[in-house]
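Sequence positions in the sequence shown follow the UniProt record's numbering and run 1 to 162.
Accuracy of the hints is not assured; some may be wrong.
[Stated by the list, open to error] What follows is a set of in silico ranges between Cβ atoms, one per label pair, in the way DEER data are often shown:
| # | residue 1 | residue 2 | range |
| --- | --- | --- | --- |
| 1 | A118 | G43 | 20 to 26 Å |
| 2 | G76 | G147 | 16 to 22 Å |
| 3 | A11 | T55 | 31 to 37 Å |
| 4 | L44 | R144 | 28 to 34 Å |
| 5 | T78 | P13 | 25 to 31 Å |
| 6 | V145 | G107 | 31 to 37 Å |
Treat the hints as calculated values from the structure; they're not laboratory data. Where is the CB? At the ideal position from N, CA and C, for every residue including glycine.
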Amino acid sequence: MTTRTLKATVAAPAAEVVERLADGAFLTAHAADVRSVSDTGDGLQSWELAFRGGTARWTQRVERTGGPDGTPYRLGFTQTDGDFQEYEGAWTAVDVPGGSEVVLTVGYRTSVPHLAGAIDSAVGVVLVRAAHQALSAVAGGEVRVTGGAHWLGDPAAYVRRA
């Protein structure tokens, strides 16, 4: 399974960050590659993500844990049906002075094994870019990426040249 992680500090409290990241309408409005997120009301969300001129679709179960008792806020998700063979991950957020520290970890496996190297890398860029856009909207543009920034740019820029 391919894993991507984005770590950042934002100028917003952890509770607000997780609340906004759980809101499909917010994500659709602020992350360009997120075409739609529909809440079905039973802990499931249906997603459509723009990807290479097409759309990746999946349904995921979402679980919120943590809170004001000092445990990190967590928004976990696991695909129940869709275009990935496997898809799971979590947002976690903890309050720090001046805002919160937020981590997205997402693991996935595409359904085309012989193309996984190319497709998985491209999917990872789209997922991390959408996450960064959502965090930027939550924080009013004030996001300091502390891990995973290399997934935000053009993947070709990170290929070693002989």
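Results for each hint:
1. At roughly 33 Å, the beta carbons of A118 and G43 sit outside the given window of 20 to 26 Å.
2. In this structure the hint that G76 and G147 lie 16 to 22 Å apart at CB holds, the actual value being about 19 Å.
3. Restraint check, A11 to T55: a C-beta distance of roughly 33 Å satisfies the suggested window 31 to 37 Å.
4. Our hint of 28 to 34 Å for L44 and R144 holds, since their Cβ atoms are close to 33 Å apart.
5. Look at T78 against P13: about 26 Å separates their beta carbons, and that is inside 25 to 31 Å.
6. A C-beta distance of roughly 20 Å is found between V145 and G107, which places it outside the suggested range of 31 to 37 Å.
In summary, the numbered hints that this structure violates are 1, 6.
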